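Undergrad: Whole structure, please, built from the sequences with the hints as guidance.
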Amino acid sequence: MLETLDLECTRADRPLVSNLSFTLSAGELLHVVGSNGSGKTTLLRTLCSLSRRSAGDIRWHGISIDALGDEYRRHLAYVGHSDALQGELSGEENLRVAAGLVGTVDSIAIRNTLERVGLRNIADLPAKILSQGQKRRLALARLPLLAKPLWILDEPFSALDTRSVRTLENLLAEHLQTGGMIVITSHQEHRWQAATVHRIDLDS
Amino acid sequence: MLETLDLECTRADRPLVSNLSFTLSAGELLHVVGSNGSGKTTLLRTLCSLSRRSAGDIRWHGISIDALGDEYRRHLAYVGHSDALQGELSGEENLRVAAGLVGTVDSIAIRNTLERVGLRNIADLPAKILSQGQKRRLALARLPLLAKPLWILDEPFSALDTRSVRTLENLLAEHLQTGGMIVITSHQEHRWQAATVHRIDLDS
Amino acid sequence: MNPPSLFTAARNVFMRDLTIALRRSTDVLTPLMFFLIVVTLFPLGVGPEANLLRTMAPGVIWVAALLATMLSLGRLFSNDYADGTLEQLALAPHPLPLLVLAKVCAHWVLTGLPLVAMSPLLALQLNLEPRQMATLVTTLLLGTPVLSLLGSIGAALTLGLRGGGVLVSLLVLPLYTPILIFGAGAVSARAFGLDAEAHLSLLAAFLILGAVFAPWAAAAALRISLD
Amino acid sequence: MNPPSLFTAARNVFMRDLTIALRRSTDVLTPLMFFLIVVTLFPLGVGPEANLLRTMAPGVIWVAALLATMLSLGRLFSNDYADGTLEQLALAPHPLPLLVLAKVCAHWVLTGLPLVAMSPLLALQLNLEPRQMATLVTTLLLGTPVLSLLGSIGAALTLGLRGGGVLVSLLVLPLYTPILIFGAGAVSARAFGLDAEAHLSLLAAFLILGAVFAPWAAAAALRISLD
Amino acid sequence: MLSYAAPKNFYPFAGKLIPWIGFAAVVTLAFGLYLGLFVAPADYQQGQSYRIMFIHVPSAWMSMFVYVVMAAAGAASLVWKTKLAEVLASACAPIGASFTLITLVTGSLWGKPMWGTWWAWDARLTSELILLFLYIGVMALQASIDDPRRAARAAAVLALVGVVNIPVIHFSVEWWNTLHQPASVSKLGMPSIHPSMLAPLLLMAVGFKLYFVAMVLVRMRYQILERERHTQWVAQVVESEK
Ligand code: HEM
Ligand SMILES: Nc1ncnc2c1ncn2[C@@H]1O[C@H](COP(=O)(O)OP(=O)(O)OP(=O)(O)O)[C@@H](O)[C@H]1O
Ligand SMILES: Nc1ncnc2c1ncn2[C@@H]1O[C@H](COP(=O)(O)OP(=O)(O)OP(=O)(O)O)[C@@H](O)[C@H]1O
Ligand SMILES: [Mg+2]
Ligand SMILES: [Mg+2]
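Residue numbers (our numbering), protein chains in the order written: chain A, 1 to 204; chain F, 1 to 204; chain S, 1 to 227; chain R, 1 to 227; chain B, 1 to 242.
It cannot be assumed that every hint is accurate.
Said to hold, decoys possible - Cross-link-like lysine to aspartate or glutamate pairs, in silico, EDC-like; alpha carbons within 16 angstroms at most:
(1) F/K128 <-> S/D227
(2) A/K128 <-> R/E197
(3) B/K81 <-> F/D66
What the hints assert, rightly or not - Computed Cβ-Cβ distance ranges for the label pairs, DEER-style:
(4) A/N121 <-> F/S21: 24 to 32 angstroms
(5) A/H81 <-> F/R166: 21 to 29 angstroms
(6) B/A199 <-> S/P120: 36 to 44 angstroms
(7) F/S25 <-> R/L6: 28 to 36 angstroms
Claimed, not checked - Take a look, some chain F residues computed to stay more than 12 angstroms from chain R by CB distance:
(8) C48
(9) R52
(10) A55
(11) D57
(12) I58
(13) H61
(14) H81
(15) R111
(16) R116
(17) Q177
(18) A195
(19) S204
If you are wondering where the hints come from, they were derived from the structure by calculation, not from laboratory data.
Predicted, not measured: the structure shown is a model, and the values here were computed from it.
A virtual CB, placed ideally from N, CA and C, is assigned to each residue, including glycine.
TA: Right, dumping it as C-alpha cells:
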C-alpha cells in the first residue's frame with residue numbers, strides 16, 4: 001500500500017504539486033494526468049525517491065520511505081522518459097543485466113518476456129540500432145520480468161505501435177489482477193482494466 | 001513537388017524500404033505508417049538527404065536532390081525524434097538561432113509563434129529545464145516560423161498533451177491550405193484536414 | 001525471483017561493465033594508446049637528448065598515467081547516466097557504495113591494469129635504468145587504483161553537466177597530486193640508488209583509505225546528480 | 001523570410017556557440033585550468049630543478065596546449081549531435097564546410113585564444129628566457145587554430161561513438177605532432193639565440209592549409225556520422 | 001573489366017587469383033631469404049647483424065606503400081561510392097599495421113648492436129611510430145562504427161587526412177640530421193649498395209608486395225561475404241561450399 005500525505009514537490013523553489021494525499025492499495029491504478037509541464041514526471045520521480053520532496057510524507061505499508069530506504073526500492077519498478085538501455089548490449093543482455101541487479105537471472109523467463117513484447121527475433125541486435133519503439137518495448141519488458149509489486153510508469157505508451165499498445169495494456173491488467181499497484185501517466189485516454197482507477201489531475 | 005522513384009533504403013546492408021515510388025504535390029499529406037522498426041524514421045531521414053539511399057532516386061520538382069543540394073534543403077523543415085534544442089539557451093533564443101540559420105530573424109514572429117504553441121510565459125527559461133512535452137512544442141514551433149514548403153515530421157505528436165495535439169493539427173491544416181507539403185509518421189490515427197492524403201504502409 | 005545477495009549483485013555489475021567494454025575492444029585500447037601517445041609527445045616537444053629524457057621519464061610516465069585515467073573517467077558513469085541505467089542502479093535494493101565499488105574495480109581492470117602492463121615498454125623507450133623499472137611497475141600498481149577511486153568521485157559529481165569532460169579534470173587532477181608526487185618520486189629516487197620504501201608504503205596507505213572512503217563519497221555524489 | 005547571406009548564417013552560428021559557452025562560464029575556464037594544472041604537474045613529477053625545467057618548458061607547455069585543446073574537442077559538435085541540432089545544421093541551405101568553419105572559429109576563440117593569453121604566465125613559472133617568451137606566444141597564436149581545425153575532423157568522425165572522448169585523442173594526437181615539433185622547436189631554438197623564422201613560416205603554412213582543407217574534411221565526416 | 005568491380009563477380013575472380021599470387025609470394029620470399037641469409041657476404045662493418053635489413057627495409061617500404069594504397073582506395077570509395085574500394089581500404093589497415101610493427105621491431109633489434117640502444121627519438125623512428133598510431137586510429141575508428149558502409153567512409157576520411165605523414169617519414173632523414181640511415185637503395189640513379197646485397201633485398205621487396213596482394217584479396221573476400229550476407233548470391237556460395 002502506497003500513500004502520500006500532503007506531499008509537495010517543488011522545482012527550483014516553485015511548487016508544482018502541493019497538498020497531494022492519496023492511497024493506493026493492491027490491484028489499484030493511479031492515472032496522473034495534466035498538461036505538459038504540470039509536474040507529472042516530477043511527482044513520479046519523487047514517488048520513486050529519485051527526487052526529494054519539499055514537504056509531506058510518502059509511506060509504503062504505513063512506514064515512511066525514507067526510513068525504509070533499500071527495502072522500499074526492493075518493491076519498485078520505474079520506467080521513465082528514458083529507456084535505461086545499454087546500446088552496446090543486445091536486448092537479451094540488457095534484460096539479463098536488469099534482472100541480475102535485483103533478482104536471480106532466469107534465461108527462460110527472459111526469453112518468454114522478449115517473445116511477449118515481440119522482440120524475440122531481434123533479441124541479439126545491440127540495443128543502440130533498434131528503432132525508437134523497439135527500444136521502448138525493451139525498456140518495458142523489464143516490468144513483467146522483475147515481478148515487483150509497484151510499477152511507476154512515465155508515459156509508457158509513447159513511441160509504441162498499436163499492437164504494442166495493446167500488449168502493454170494487457171500487461172498492466174495482469175499485474176493489477178495479481179495484486180500489483182500502478183502509478184502511470186499518459187496523454188491518451190485508455191480503458192483501464194482495473195477494479196479501481198484513481199485519477200489525479202495536476203492542472204486543477 | 002516531391003517524388004521518389006524505386007527508392008530503396010538499407011540499414012547495415014539490409015533493405016528496409018524498397019521499390020518505393022510516390023508523388024507528393026502542393027497541399028498534399030503523406031502519412032507513413034508501419035510497426036516499430038519498419039523503417040519510417042529511416043525513410044524520412046533519407047527524404048531529408050540525411051541518410052543515403054542505396055538505390056532509386058528522390059526528385060524535387062523533377063530534379064534529383066543530389067543535384068540540388070543546398071537548394072533542396074532551402075525548402076525543407078525536419079523535426080525528428082530528437083528536439084534539436086540547446087539546453088543552455090532559452091526558448092526564445094532557440095527559435096532565434098533556428099531562424100538565423102535559414103532566414104532573417106523577426107522578433108515579433110518569434111513571439112507570436114511562442115504564443116501559438118503556448119510557451120509564451122516560459123520563453124525565458126533555459127530549454128533544459130522544460131518538461132518533455134514543452135520541449136517538443138518548442139521544437140515544433142520552428143515549423144510555422146521558418147515557412148518552408150516541405151515539412152518532414154517524425155512522430156511529432158509524441159509527448160504532447162491533448163491541447164497541443166489540437167494546436168499541431170491546426171498548424172498542419174493551415175500549412176496544407178497554403179500549398180505546403182507534409183510527410184508525417186504517427187502511430188495514432190488522425191482525421192487529417194487535407195485535400196489529398198496519401199498513405200504508405202511499410203509493413204505490407 | 002529471490003533477491004540476490006549483495007555480493008552477487010556487485011559481481012553482476014562488475015561483469016556487466018567488463019562485458020560492455022570488451023564488446024568494444026577499442027574502449028580498452030584507447031586509454032592505453034593515449035598513454036603511449038602522450039609519452040611519445042614529450043620527446044617530440046623536448047628533443048631527443050637521452051639524458052634529459054631519462055631524468056624526465058618518471059614524471060612524464062606518471063603524468064601520462066594520470067591523464068589517461070582521467071580521460072577514461074567519462075566512461076565510468078556517463079553512459080549509464082545518459083540512458084537511465086544509473087537511475088535503475090540507484091533504485092536497486094543494495095547499498096549504492098558497494099555497487100559503485102564494483103564499477104570502479106571494473107574501471108581499474110580496464111584502464112589501470114593495462115597501463116601497468118604497458119609501462120615497462122615505455123620505460124625502455126625513455127631509457128630508464130633497469131632498477132627503476134620494477135619500482136615504476138610497483139608504484140603504478142599501487143597508484144592507479146587510487147586514481148580510479150578518486151576519479152569516481154569527480155565523475156559522479158560532474159554527471160550530466162555540460163563540459164563535464166574538462167570539468168572532471170579540474171576536480172580530479174588536484175586530488176591526484178599526492179599520488180603523482182610519491183609515485184614519480186619513488187622512481188626518481190631509485191635513479192640515485194636510494195630506497196623507495198617510504199614512498200611505497202604511503203601509496204599503499206592511500207590505496208586503503210581510498211578503497212574505504214571513495215565509494216561512499218561517489219555514491220553520495222551520484223544521488224545528488226540524479227536528483 | 002529572406003534567405004540570409006552565407007556570411008550572416010555563419011556569423012549566427014559563431015555567435016550562438018559563443019553565447020552558449022559564455023552562458024556556462026565554466027566551459028571557457030576549464031580547458032584553461034586544465035592547461036595550467038598540467039603544466040603545474042610537471043615540476044611535481046620531475047622535481048624542482050630550474051635548469052631542467054627551463055629545458056623542458058617549451059615542450060611541456062606545448063604538450064599541455066595540445067592536450068587542453070584535444071580535451072575540449074568534445075564540446076565542438078557532440079552537444080549539438082546529441083540533441084539533434086547538428087541535423088538541423090546539415091539541413092541548412094548553406095555549404096556545411098563554412099558553417100563548420102564558423103564553429104571551429106568559435107571553438108578557437110573559446111579555448112585557443114585563452115591559452116595564448118595565459119602562456120606568458122606559465123613561461124614565467126618555468127623560467128623561460130625573456131627572448132623565448134615572444135616566440136612562445138607567436139607559435140601558440142599560429143598553432144592553436146590549427147589544433148582546432150584538425151581537431152574538428154577527429155571530433156566529427158567520432159560523433160556518437162562510445163568512448164568517443166578517448167578515441168578522438170587517438171585519431172587527433174598523431175595529426176598534431178608536426179605542430180608540436182615545430183611549435184616547441186621554435187621556442188627551444190630561441191633558447192640558444194637561434195632564429196625561429198623557418199619554424200614560424202611552416203606553422204603559418206599549416207594554418208593556411210588547415211583553414212582551407214580541414215572544414216571540408218570535417219563536413220564530410222559530419223555527413224557520414226549523421227547517416 | 002568493369003564488371004569485376006561488382007562484389008558478386010569479384011568474389012570468385014579473387015578466389016581464383018589468390019592461390020597463384022600466394023604461391024608466387026612464397027617462392028620469391030624463400031628465394032630472397034636464401035640469397036640474403038646464405039649467399040650475400042657478411043658486411044665488413046656490421047658482421048652478420050646487417051641481415052636484419054632483408055626484413056627491415058622491405059617491410060618499412062611496405063608500411064608506407066600500404067598506407068598510400070589504403071588512402072587511395074579510401075578516396076576512390078568516397079568519390080565513386082564503390083563497395084569494392086571500401087572493402088579494399090578496410091582490408092589494408094591491419095596488414096599495413098603489421099608491416100609497421102615489423103619495421104619497428106626489426107629496427108629496434110638492429111638498433112641495439114648498431115646504435116647501442118633499442119630506441120632513440122630520431123625523426124624517422126618517431127614518424128614511423130606515428131604511422132603505427134595512424135593505422136591503429138583507422139582500425140579503432142572502423143571497429144567503433146557498426147554500419148560497415150559508414151565505417152568505411154569514416155575511415156577513408158581519416159586515412160586521407162593522415163596521408164601527410166608519409167612524405168614526412170620518407171624525407172625525415174634529409175630534413176633532420178639523424179641517426180637513421182639515409183636513402184641508399186631507393187635513391188634515384190645509382191644505388192650505393194653492393195649488387196649481392198641488392199638482389200635479395202629487391203627479391204624480398206617483390207615478395208612482400210605479392211604477399212600483400214594475396215592477403216588483401218583474402219581479407220576482401222571475407223568482408224564481401226560478411227557485407228553481402230543478405231543477398232542471394234552469398235546464400236548460393238555458402239550453399240555450394242558446404
Ligand atoms: C626502430 C628502429 C627503426 C625504424 C622505425 C626504422 C624505420 C625505417 C623506415 C620507415 C625506412 C624506410 C624509409 C624510406 O624508404 O623512406 C627504413 C629504411 C632503412 N632502415 Fe630503418 N628503421 C629503424 C632502425 C634501423 C637501423 C638500426 C638500421 C641500421 C643501421 C636501419 C637501416 C635502414 C636502411 C639501410 C634502410 C633503407 C634506406 C633506403 O635505402 O631507403 N634502420 N627504416
Ligand atoms: N530549475 C527549474 N526552474 C524553474 N522551473 C523548473 C525547473 N526545473 C523544472 N521546472 C519546471 O517544472 C516543470 C517540470 O514538469 P515535469 O517534467 O514534471 O512535467 P510533466 O508533467 O512530466 O510534463 P510532460 O507532460 O511534458 O512530460 C516544467 O514546467 C518546468 O518548466
Ligand atoms: N546497423 C544495423 N543493423 C541491423 N539493423 C539495423 C541497423 N540499424 C538499424 N537497424 C534496423 O533498422 C530498423 C530501423 O527502423 P526505423 O528507426 O526507421 O524504424 P521506425 O519505423 O522509425 O520505428 P519506430 O516506430 O519504432 O520509430 C530497425 O528495425 C532496426 O533494428
Ligand atoms: Mg513528463
Ligand atoms: Mg522512428
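Undergrad: Going by Cβ atoms, does F/I58 stay more than 12 angstroms from chain R at every point?
TA: holds (14 angstroms)
Undergrad: Would F/C48 pass as off the interface with chain R, using Cβ distances and a cut of 12 angstroms?
TA: Given a closest Cβ separation of 6 angstroms, the condition is violated.
Undergrad: Determine whether the non-interface label on F/H61 survives the test: each CB of chain R must be over 12 angstroms from its CB.
TA: holds (15 angstroms)
Undergrad: Given the hinted pair F/K128 and S/D227, is their alpha-carbon gap at most 16 angstroms?
TA: holds (15 angstroms)
Undergrad: Could you let me know if the closest chain R CB is still more than 12 angstroms away from the CB of F/D57?
TA: Answer for F/D57: holds, closest chain R Cβ roughly 18 angstroms.
Undergrad: Do F/S25 and R/L6 keep their Cβ atoms within the hinted range of 28 to 36 angstroms?
TA: holds (31 angstroms)
Undergrad: Going by Cβ atoms, does F/H81 stay more than 12 angstroms from chain R at every point?
TA: violated (8 angstroms)
Undergrad: When you look at the beta carbon of F/R111, is every beta carbon of chain R farther off than 12 angstroms?
TA: At about 15 angstroms from chain R, F/R111 clears the 12 angstroms cut-off, so the statement holds.
Undergrad: Is it correct that the beta-carbon of F/A55 has no partner in chain R closer than or equal to 12 angstroms?
TA: Answer for F/A55: holds, closest chain R Cβ roughly 16 angstroms.
Undergrad: Take a quick look at F/R116 and tell me if its Cβ sits farther than 12 angstroms from every Cβ on chain R, holds or violated.
TA: holds (16 angstroms)
Undergrad: Beyond 12 angstroms from every Cβ of chain R: is that where the Cβ of F/A195 lies?
TA: Since the minimum Cβ distance to chain R is about 25 angstroms, F/A195 lies beyond 12 angstroms and the statement holds.
Undergrad: Over 12 angstroms to the closest beta carbon of chain R is the bar; see if F/Q177 clears it.
TA: holds (19 angstroms)
Of the numbered hints listed earlier, those contradicted by the structure are 2, 8, 9 and 14.
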